[in-house]
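S.K.: Protein sequence lines, in the order shown, are assigned to chains A and B. Per my numbering, residue 2 is the first one in the first sequence, and the count goes up by one each step. Per my numbering, residue 886 is the first one in the second sequence, and the count goes up by one each step.
All clues given are correct.
In the EDC-like style, the derived pairs of lysine to aspartate or glutamate whose C-alpha atoms are separated by at most 16 Å in a straight line are: (1) B:Lys982 with A:Asp58; (2) B:Lys930 with A:Glu102; (3) A:Lys45 with B:Glu888; (4) B:Lys982 with A:Glu101; (5) A:Lys79 with A:Glu69; (6) A:Lys12 with A:Asp87; (7) B:Lys930 with A:Glu101; (8) B:Lys964 with B:Glu900; (9) B:Lys982 with A:Asp57; (10) A:Lys45 with A:Glu86; (11) B:Lys982 with A:Glu102; (12) A:Lys12 with A:Glu86; (13) A:Lys45 with A:Asp87; (14) A:Lys45 with A:Asp58; (15) A:Lys45 with B:Glu890; (16) B:Lys964 with B:Asp924; (17) B:Lys930 with B:Asp967; (18) B:Lys994 with B:Asp967; (19) A:Lys63 with A:Asp87; (20) A:Lys16 with A:Glu86; (21) B:Lys994 with B:Asp962; (22) B:Lys994 with B:Glu900; (23) A:Lys79 with A:Asp64; (24) A:Lys45 with A:Asp57.
Quick list of the computed label-pair ranges, beta carbon to beta carbon: (25) A:Gln18 with B:Ser913: 39 to 47 Å; (26) B:Gly943 with A:Glu15: 43 to 51 Å; (27) B:Asn940 with A:Trp23: 33 to 41 Å; (28) A:Lys79 with B:Lys927: 18 to 26 Å; (29) B:Ser937 with A:Lys45: 23 to 31 Å; (30) A:Arg65 with B:Ser953: 35 to 43 Å; (31) A:Ala21 with B:Thr978: 27 to 35 Å.
Far from chain B, by Cβ distances over 12 Å, these chain A residues were calculated: (32) Asn53; (33) Thr77; (34) Lys79; (35) Gln81.
Note that these hints are calculated values from the structure, not bench results. On a predicted model such as this, the values are computed, not experimentally measured, just so you know. In this text, a Cβ means the ideal position worked out from N, Cα and C, and glycines have one as well.
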Amino acid sequence: EAGVAQSPRYKIIEKRQSVAFWCNPISGHATLYWYQQILGQGPKLLIQFQNNGVVDDSQLPKDRFSAERLKGVDSTLKIQPAKLEDSAVYLCASSLNSVEETQYFGPGTRLLVL
Amino acid sequence: RKEVEQDPGPFNVPEGATVAFNCTYSNSASQSFFWYRQDCRKEPKLLMSVYSSGNEDGRFTAQLNRASQYISLLIRDSKLSDSATYLCVVSYTGGFKTIFGAGTRLFVKA
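Take the sequences, apply the hints, and build the full model.
M.R.: Next comes the structure, spelled out in structure tokens:
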């Protein structure tokens with residue numbers, strides 16, 4: 002079974018530039034999560050989708066971050082404009098139906114903002 | 886107070902030792918509990934779910950204490966390969982919310 006795919010794996014940008022990350026969850030998984038993990042910290046949930054609807058985006062900085070999951074499958078996360086403090090690993094995860102189930106993570110995208 | 890708190894460690898133990906980690910959570914409505922393992926520069930992976938009655942998987946034992954609002958992970962006969970960061974995860978279905986602790990780092994040395 003294919004796992005969660007993410008791209009790109011690495012990205013270096015300058016502050017105030019824009020960047021987008023892509024995630025393809027495990028086939029059939031209804032729930033998709035985007036996390037931000039800063040070095041030395043645990044993953045912080047940015048947004049959670051159930052199919053193509055948002056169920057939790059309370060920690061998403063909506064002035065600069067946006068995410069969508071069209072057709073309930075792939076998802077993109079965008080940052081516009083980026084700040085230095087956005088440097089982190091952005092992890093995408095999926096689970097079959099809910100937060101009560103195992104989350105499967107992709108390899109993440111390492112973002113460095115200069 | 887953070888919703889999920891863990892001792893960051895690091896815990897430095899010799900091979901064969903027994904080590905235990907605790908994780909406290911603040912929301913009594915929490916319903917699902919997990920331990921994930923994260924190796925350096927890798928993604929988190931599920932180690933085990935934590936059930937009310939406690940559960941064991943080989944050398945790993947997880948316990949839940951709802952009254953005191955903490956979960957624990959016990960690793961017996963530590964191996965070098967157990968060196969990793971252990972993340973406590975708490976979820977509550979009502980708010981569809983998932984919260985990760987900051988993790989506890991474990992180093993097992995020969």
